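Colleague: So the chains spell out like this:
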Amino acid sequence: MDGDALTEQETALYDRQIRVWGADAQRRLSKAHVLVGGMKGTVAEVCKNIVLAGVGSLTLVDDSPVTEEALNANFLITPDEKLFAGRSIAEVCCDSLKDFNPMVHVSVEKGDLSSLSTDFFEKFDVIIVSNSSLSTKKAINEKCRKLSKRIAFYSVDCRDSCGEIFVDLQDHSCTKKQVNETFECRLQYPSFAEAIAVPWKNLPKRVSKLFFAMRVIEKFEESEARSSGEISLADLPNVLKLRKELCEAQLFNESQIPDSLLERLLLGKLEFPPVCAIIGGILGQEVIKAISCKGEPIKNFFYFDAMDGKGVIEDISNPNSAS
Amino acid sequence: MASEQQLDAIKGAKVLMVGAGGIGCELLKTLALSGFQDIHIIDMDTIEVSNLNRQFLFRQSHVGQSKAKVARDAVLKFRPHISITAHHANIKSSEFNVDFFKQFDVILNGLDNLGARRHVNRIRLAAGVPLVESGTTGFLGQVAVHVKDITECYECYPKPAPKSYPVCTITNTPSKFVHCIVWAKDLLFAKLFGDKNQDNDLNVRSSDGASSSEHVDDIFERKNDEDTDCYGRRIYDHVFGYNIELALSNDETWKNRTRPKPIYSRDVLSDNQQNGNLDQSCSSGDLASVSAMATLGLKNPQDVWNLAENSNVFLEALKLFFSKREKEIGSLAFDKDDQLAVEFVTAAANIRAASFGIPMHSLFEAKGIAGNIVHAVATTNAVVAGLIVIEAIKLLNKDLENVRMTFCNEHPKRKMLLMPVEPFEPNKSCFVCSTTPLTLEVNASRTKFRDFIEKIVRAKLGMNLPIVMQGTSLLYEVGDDLDEDEIRNYEANLEKVLCKLPSPVIGGTLVTVEDFHQQLSCEINIKQREDFDEEKEPDGMVLIGWLQVPTDTENKTSAQNGESTSGTGTDQAAPLEIAEIGETEVNAVSKKRNFSELSNSSVSHPSCGNDTKCKNKEIAFCTLLLRMAYEMAFFAFLLELRRRAFVGVQLPVAASISSARNQISSLPRSDLSMESG
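From first to last, the protein sequence lines stand for chains W and X.
Note that my numbering has the first sequence beginning at 1, numbered continuously upward.
Note that my numbering has the second sequence beginning at 324, numbered continuously upward.
Hints are computed from structural coordinates only; laboratory data are not their basis.
Small disclaimer: the values here were computed from a predicted structure and weren't measured.
One or more of the hints may lead you astray.
[Said to hold, decoys possible] Within a straight-line C-alpha distance of at most 25 Å, the following computed SDA-like cross-link-like pairs (lysine to any residue) qualify: (1) X:Lys-659 - W:Ala-12; (2) W:Lys-177 - X:Ile-696; (3) X:Lys-738 - W:Gln-178; (4) X:Lys-650 - X:Phe-543; (5) X:Lys-819 - X:Leu-797; (6) X:Lys-738 - W:Arg-215; (7) W:Lys-138 - W:Asp-63; (8) X:Lys-659 - W:Glu-8; (9) X:Lys-400 - W:Thr-78; (10) X:Lys-584 - X:Tyr-554; (11) X:Lys-392 - W:Leu-71; (12) X:Lys-819 - X:Ser-844; (13) X:Lys-400 - W:Gly-86; (14) X:Lys-622 - W:Glu-8; (15) W:Lys-31 - X:Gln-625; (16) X:Lys-337 - X:Phe-424; (17) W:Lys-201 - X:Met-739; (18) X:Lys-334 - X:Gly-358; (19) X:Lys-751 - X:Gly-831; (20) X:Lys-425 - X:Gly-335; (21) X:Lys-415 - X:Glu-800.
Please build the complete structure, drawing on both the sequences and the hints.
Modeller: Next up, the structure:
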């Protein structure tokens, strides 16, 4: 590949990972610009992983102040009020991340993710959204899709010991190697709105129950105008009511979304750090795959539940519109 | 988030982490965030630059410092009120004995070598503390749980032997680049710069023709007044030219092979083309920076040099060794961090490769193969660390029904990137966790006791401080507290053949071998056997009951391991193949298993070879496997799954899928589907 050779410093620092993904991929990483919004534990993990990997730049958006809750699963924050008083989570995390890899430019963008302009998004190759409302996710995803430049969009959330990743790479071409042969592959992704609009009854029988449960919770938060995660067990009766409505509308069996699972998601205001590490690791890997165009990326949802230990990919796309 | 009960168990737990490297950094962070408050961490290593891409608790300024201590300090910054005790020490040292292990509720391994894994396995078995074992290579990872008497131990199932290549492949008929690397590193480099008294097959093979071995010895020796340029060219012409011609003279060898091409320096280099500006460089006297690449103006380690460039690097590196590092000659051992050594080995391997029609490789790639470098990324380590903590919490809650072994796949299998597998039972004839005796077939009138100690007790049984008894008579022991008489007696015993020992070890006798530190004892029935196949049974002894994966399979994987370090990276042909076996066989196995049996069953993940130092018939490529122990373990485990699935041994009797489903649905945690059957 053309372009600048890696510097001696880069070769030394990235030696072990260049042995995994090659020098080309490393060069592409170093030219990629990533934007993340919603700095909770899972995103802290993702940021750590991609800063270590050596992306070109990382921009953080999260104006919220550092609270006790923010400390829970976020190792980027030193729990010393003197250090974080009066500063946003993004600012505090930015300092820690800069330290991880001096070759990566880490910065903070003030404001709210949903109010940032389409022009602003154009600067980036990858946008990761977390801890955001349903409407924000949809809106940002749509903004990305309107740009002529292809931007990889991800949304990620951990609730209780469950995690969800959504991936929209629009029209993505990559190489994958299998048994010493390299294949070109091309994938068409639906947007978030399109994916969640796929009629449930059309989906294969064994789709992760988490997919449906997350949709119910997300819809509940939206209908009550709550921000993401502002829910508790007290909401269970109303959530069950919403489940019934949604399932009736979708001609879908309610038992596919167990009460116990919804209860767990309602309780899970705090992230479970091991799941943050797992989801953050998988997402970090996906971002690297998308930037390097090497390896087949997830299409288009990933679920992990510590209860059964499975990390499953689900393809939720309308077969008629997606290809 | 964890339940109240889980949180209490976490807060009250005392855990031991072994290893503060790639997995260790992630693990310590996740443990601290998850609420663990009393963590001990042991690691003997210091921080290197190439760690910084993934061991995120370390910074450039920490290079050279203790991993365990820096990791502790870094984590205390975001969790200041927990207790982390750092031990900058070798896990095998005697302070970490069974009593030390007993103070912990669970042991968490983030190790990079087989020897230490085996050692921890034995001590934690003796201490009765559960173990969560882990490992990663590239995008592949694995986590397993070992509980005494309930699950397999780390050593219950076959371990692939360390990678070794038949000596004739290395000296006469290389067919892969890795063969050229082994030749350049273990033979040529060792011959020119290493200990002259060490056996070296370069002598043997070079003397195959008319020349006597004494004559050959002279060839490699630099004559008193010999100019280093002349010396270098003489060595070059001897090993790449003369020796190849000699080999070509044996027509039999080349009947079904491509004939190699002798290469002489005069054909590759014109006389005045020689070399870089030696005198201008490295005036600083910093020996570590001596580099043939630098003096020759070669910059990019990713470039593949042509034959002339390789030849120049070969001669220049050799010259630099004699001019700048003469004091070290005679005592050098190959080290992947020694730039000049890597340059020399790369060039020599490439010239040999050119001679044999094998594609040449870049210094970066050659370094990976020669240094047995395991490729590693932060993401896999983060995922594996998360999985370790989840399993550790189950163990602390005595939730043995739900412990799992988990594989991280690079490509999804049955839609899964993270694939949990039900645990397995202990192997009833495991020499580590059961008391079943082993059997040794040996010719007691020909085999020296020393060979028994080295090849069986140390290499295969992995004992560090062995005591060997026949009946009540002590034949051998190691320790600081021996008096001179004892040492003399034991030394004398080593030179005796087995049947001539003070208490003869002959067919029908029982030998007891113990390691007090590991608190491991095993009994070996001796069975007399006259003859052994030199090729297949090079030890001249066969240990029965000690399982090992068939050699051809190991060769295959290891060779691919070596090659998969080629910069294009993500390919990983071998792991892919492995994962595929994994899926099919795991399927087959899970069909045969009954969920209710889980509480009695176990997880395992067998590891790999032993620390054998093969000095005789084969050239050891031991460290490759030590470093890559984990990948091997993964492979061995899958082989074992396949074996069980096919042979049907040790699997609980299959219950019908529907009854398994019923039981599943009655379990409290069954809100998500468990087994598809």
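Colleague: Run every hint past the structure and note whether it holds.
Modeller: We went through each hint and held it up to the structure:
Proposed proximity of X:Lys-659 and W:Ala-12 is supported: the alpha carbons are some 13 Å apart, at most 25 Å. At most 25 Å may separate the alpha-carbon atoms for a hinted pair to count; W:Lys-177 and X:Ile-696 meet this at roughly 21 Å. Simply put, X:Lys-738 and W:Gln-178 have alpha-carbon atoms about 17 Å apart, close enough for the 25 Å limit, and the pair holds. Taking the CA atoms of X:Lys-650 and X:Phe-543, the gap is near 17 Å; set against the 25 Å cutoff, the hint holds.
The suggested pairing of X:Lys-819 with X:Leu-797 holds, with an alpha-carbon distance near 15 Å, which does not exceed 25 Å. At most 25 Å may separate the alpha-carbon atoms for a hinted pair to count; X:Lys-738 and W:Arg-215 meet this at roughly 21 Å. The suggested pairing of W:Lys-138 with W:Asp-63 holds, with an alpha-carbon distance near 20 Å, which does not exceed 25 Å. For a cut-off of 25 Å, the pair hint linking X:Lys-659 to W:Glu-8 stands: about 17 Å separates their Cα positions.
Taking the CA atoms of X:Lys-400 and W:Thr-78, the gap is near 6 Å; set against the 25 Å cutoff, the hint holds. For a cut-off of 25 Å, the pair hint linking X:Lys-584 to X:Tyr-554 stands: about 22 Å separates their Cα positions. As the CA atoms of X:Lys-392 and W:Leu-71 are separated by approximately 24 Å, the hinted pair is consistent with the 25 Å bound. A hinted pair counts as satisfied when its Cα atoms are at most 25 Å apart, and X:Lys-819 with X:Ser-844 qualifies at roughly 24 Å.
Restraint check: the Cα-Cα separation between X:Lys-400 and W:Gly-86 comes to about 20 Å, which is no more than 25 Å; the hinted pair holds. For a cut-off of 25 Å, the pair hint linking X:Lys-622 to W:Glu-8 stands: about 9 Å separates their Cα positions. In summary, the hint linking W:Lys-31 to X:Gln-625 is supported, as the alpha carbons are separated by about 19 Å, within the 25 Å threshold. Between the alpha carbons of X:Lys-337 and X:Phe-424 the distance comes to roughly 11 Å, so the proposed pair stays at or under 25 Å and holds.
With a C-alpha separation of about 22 Å, the suggested pair W:Lys-201 and X:Met-739 falls inside the 25 Å cut-off, and the hint holds. Among the hinted pairs, X:Lys-334 with X:Gly-358 is consistent with the structure: their alpha-carbon atoms are about 6 Å apart, no more than 25 Å. Annotation: proposed proximity of X:Lys-751 to X:Gly-831 holds, straight-line Cα distance about 23 Å (limit 25 Å). Distance check on the hinted pair: X:Lys-425 and X:Gly-335 sit about 15 Å apart at the alpha-carbon level, within 25 Å; holds.
For the hint pairing X:Lys-415 with X:Glu-800, the CA-to-CA distance comes to about 18 Å; that is within 25 Å, so the pair holds.
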